[in-house]
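*Asks:* Chains G and X supply the protein sequences, listed in that same order. For the first sequence, the working numbering begins at 1 and goes up steadily by one. For the second sequence, the working numbering begins at 1 and goes up steadily by one.
There could be a bad hint or two in this list.
30 Å max Cα-Cα, derived DSBU-like pairs, lysine-lysine [said to hold, decoys possible]:
#1 Lys454/G - Lys151/X
#2 Lys57/G - Lys146/G
#3 Lys454/G - Lys192/X
#4 Lys136/X - Lys25/X
Covered by chain X, according to a simulated footprint, are these stretches of chain G (three or more residues, beta-carbon under 8 Å) [to be verified]:
#5 420-431
#6 435-444
#7 450-458
Keep in mind that the hints were calculated from the coordinates and are not lab data. Glycine included, every Cβ here is placed at the ideal spot set by N, Cα and C.
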Amino acid sequence: MSKDNQILEEFTSREYEHGWSVDLEADEAPAGLNEGIIRWISSKKEEPEWLLEWRLKAFRNWLTMIEPEWANVHYPKIDLQSLKYYSAPKQKNKPKNLDEIDPELLQIYERLGISLNEQKRLQGIAVDAVLDSVSVGTTFKVTLSKLGIIFCSFSEAVKEHPELVKKYLGSVVPINDNYYAALNSAVFSDGSFCYIPSGVRCPMELSTYFRINAANTGQFERTLIIAEEGSYVSYLEGCTAPQRDENQLHAAVVEIYAAKNAEVKYSTVQNWFPGDKEGKGGIFNFVTKRGICAGDYSKISWTQVETGSAVTWKYPSCILKGDHSVGEFYSVAVTNNYQQADTGTKMIHIGKNTRSRIVSKGISAGHSQNSYRGQVQVMKRATNSRNFSQCDSLLMGGKCGAHTFPYIDIQNSTAQVEHEATTSKIGEDQLFYCNQRGISTEDAVALIVNGYAKEVLNQLPMEFAVEAQKLLALTLEGSVG
Amino acid sequence: MLIIKNLHASIEGTPILRGINLEVKAGEVHAIMGPNGSGKSTLASVLAGREEFEVTEGEVLFKGKNLLELAPEERAREGVFLAFQYPVEIPGVSTTNFLRTAVNQVRDYRGLEPLDAVKFLSVMKEKMKLVEIDQKLMSRSLNEGFSGGEKKRNEIFQMAMLEPTLSILDETDSGLDIDALRIVSNGVNQLKSAETATIVVTHYQRLLDYIVPDFVHVLFNGRIVKSGTKDLALELEEKGYDWIKEEVNATSV
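For reference, chain X alone in the conformation it holds in the complex (with noise of 0.2 Å):
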């Protein structure tokens, strides 16, 4: 579904990813790990082409096409989806007028007839239930004086409605309590397919507990350092990071 190959990404000059590779099945869950700034919400914004970042090398190839060539937009429309660490407010846009507009214009792009009110509000309601988000956050401004769980939930949400073959959650379990943490993994869970996949970013392990992967990578200055099975993520969070850094040092040297 995914390739990333040698993929170098800079901002203002100064380079984040060095040479990434990773590639991504349907229906696998991989987790990105790694320290503070080491690059990971760096990959999961340039996979959705947020324009600050300048990829300088490599390529990515989803679903055969090549994925740096399309507008953020258009990226979404062929199924990707972020869920945003910070997700933004948008004052005087209530969610719902948010959504509709955008499951249109998706519905448009793969030549689906647009919802109406009726069948786009049953839909909602049916998605909602998924990670049991209020109704009357729907009709407030777009995460507007939303607490850090809401804007949270709203996010997977919202991935509930978009049905993206490739969704990317950045940090989403910074910020949650452990029962939001509970319902978000819920969420996210029954949305997983065999047609689907899903990029899981996170600096801590607890997360991989609710929302299992098939494999854990460890993100190191802008290199995949280390890859594994789920129990590498168990190893990190016994052992922190330092012991991978040195690792890469010494081998470095």
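Looking at chain G on its own, in the form it has when it is part of the complex (with noise of 0.2 Å):
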């Protein structure tokens, strides 16, 4: 063996920052899945009758579809029957406000480093704290309300305003979309909800903070983000899980509108539990995210920074409908020991002159399997339409792999599209030529990973970029001796 690999071979993963949980009263749904759990979720959540029957529609198409198993990952069959689809920790009143919310659950967040209070958040960003199955509180609400930008839970919006829910939820991605898509639909809880109206930039940044506590609980999340004619949104979203042997189902549904001229950005850091050195435990992550540019000049750029779960299972997509609209995905995502990941992006170009760019950055280490599925349709209509995707992976020592998997389908002649790929290792040499100048190992290895991932990092509003930078060296310590 070389001593390349040897150095790799000492692989110890440090112990995972958020693996506590909290012991809460909780409301919870029986274990098991069926059309009366379903109604017991929607009665319980005082829904209206016409979102009752979209899930119930929801769970039918269910019934007749099949688990997706071309992903290149691996587990053991989910038992779905045995899974509790909702908790909810008690609280003894509905808080009003932020100042009414059980001290309890602020210290979840506070611990997390999430401040529900608005004089201590930083200036610019709200927060929606989403814990198993509910919104915990939204801050900087009477703020924007002044702008008219509705930012609240995803079930406030369903009674303040159906009329916006009724119609987008589901309009990006329809219930029958996929298996994961159409159990969310079915059988979603809570999640975020935000509307900018025409002609507003949202002058501080939206994020959903999402935390399991619950054992046995799978998280079912649904957001929807509006972006009316020429306004600008970024939206950020974090999540962390206790640290549990069972493995813990995630299944959330994103969907974002983009009318003409409007733009909005995405940025994920996930950091739901990986699971232990062993493999054993962590989050299965199958999340179905996906924007539409609706409108012409419209422009979805998605970030993420996958570092957590056991399983990812994850393409966040642009339909560029809108003549002129552009897609972006950028991605980062590392894997350690056990962890699979198979992300990646589908970019479906329908209008002229449409755009799109792929940046994904993998990162392999330990015993893990890392990758990148992605898709470039270009349809008939779609002149001068134009697309560039650059893949690269990073392996470190021998035991782990990195697979690229692009598929391109091109109906128009006149699309331009470049695909770019490379393969590389941190080499024994580099870390070597970091030592020789008085940097340690530990140091060394995040020093080559943060300039490895640099493209996509600087895509992250500022202070996330850093918070990355940090989990992203933090994820791979102790990866090398």
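Combine both chains into one complex, guided by the hints.
*Replies:* As structure tokens, this is what we get:
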């Protein structure tokens, strides 16, 4: 065995930082999945009849579907009947504002470094905090509402803005889109809702922080972002979960609608519990994210830093329907120990002069498997559309794998599609060079990895780019001897 | 400062160094010369702590400490600097960022306060003049797309920033044109002091016109077979290495 491998062999992953959980009295649905449970969730949330019908339709569709097996991931079959589909922390009275939120819940978020106290919050970021199945609080609602921006939990949106929810829910990801999206449509419990009116540039970052606390519970959240003509919003999503021996399922759906000249930036820093060093436990992260550039000159940009989860199955995509619309996907996916990730994007060019850009950086260490799967589709009337894809893989050690599955489907001869791919290893030469300048091996790995991921990290809002850099270093800490 | 006693080292079981003895004192410049494959670069690598070489015998003392027991980064922090023959590229990491990490880790080890961004940049500006390095290179990825000359200048610039007590230049002259050679040597000469020492590893005498050595050693088959003053280098330039080989072979028979 070469020295290179030997160094990388000495793999000890650092303990997951957010692995703790809190005993909360919870209002839970009984385990199991059937129409009764769906009615139970819907009535618990005091939903209108149309939404219950929508859920049931999704459920009936789901019953006819089979679990997808095409992804390059392997995991034991999930017993969906053993899961609980709703778990909400009991709050004595429904809080009317942030001051009334149960201090115990606030503490959970404080401990995660997320303050729901508006005075303490950094200026410029509004947060919706989702714990297990429900949103526990949203900050800066008043400030935002002055501009006509709606930023609230999904449940609240159903009550306060049913016309918007009804119009857009399922318009980008239809209920029968795929197995997990259908399941989500049937049982989703909460999530964030965001509406930016015409011509408004949202003055602060909007963010949702997802936390799974309860055991044996699936989290099925639903996010809907609507950007009206000429508006702009930058949205961030963060996630953590306690360390448990069992796998937990997280099957979310995110839908984005961008009207003419609108721009939506959606950034994710995903740090779900990845399982332990032997690959035990961890979150199954089966997520459907899609945006539609419905209007001309609209733009949707996905940026993701994926460091957590035992298994990830996720393809944030753009439907470029409006002429001159732009879709972007920037991704850093890190896998360590026994993590598996199959992630990428779909860029569907429908409008004329549409452009898309894909930059994917995979980093594999330990025994992990990291796959990029991307589809670029140019439809018949998408004249002069252009795509540029770059897929880079970085390997650390000799026991991990990196895979690339690009699919290209061009139906218009004026299209220009470029695909570049590279695979590299962190070399002993690079590490030695850093060491010789006095830099410790651990810091050298962080430096090299951050350099490699720079193009993607640069897309994140400043403050989060710093966080993401630290997270990358942390995920790979101990990955070299 | 540096005492090497009977140093043996091998790579994958093949012995390369077969008993090196050398003492380097503060203020001195030593040149290590020798034909290709004699073990010159291996000696430089072993001193810097490259792990693919296995030290099988002997000891190395640096400022009284057992150098061979220290990890490469500890050796660097103690003051050993190696100017690489082939500097590596690190994409996405700017030279500035790289050096700031290095300088502050070294300072921390030496019990000094870290340099803040402003201080760091002003020190950098000052040292950049030494090797006439272009400011533009500082914001580019480390060594990526640098010309051969730029890489070597960058090595000496890093040396200036890290302020080592022992600098080892591994074939720093290879791939340099005459102007770059003059600039690089000039930088090295300005960094010399009564407290520091330099080991220059080179195949050719030409570098030694600029960096004048106090001692010249000829390495052959993993041993120092001849030592002398700078006149020895001139003699080698004139006569080549063959006569040394013959001499060695004659005595070993």
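*Asks:* Each hint: holds or not?
*Replies:* Hints, verified against the model:
1. Lys454/G - Lys151/X: holds (22 Å)
2. Lys57/G - Lys146/G: Not OK: Lys57/G and Lys146/G at ~37 Å, beyond 30 Å, violated.
3. Lys454/G - Lys192/X: violated (38 Å)
4. Lys136/X - Lys25/X: Distance of about 37 Å is beyond 30 Å: violated.
5. 420-431: holds (count 4)
6. 435-444: Since 8 is at least three, the answer is holds.
7. 450-458: holds (count 6)
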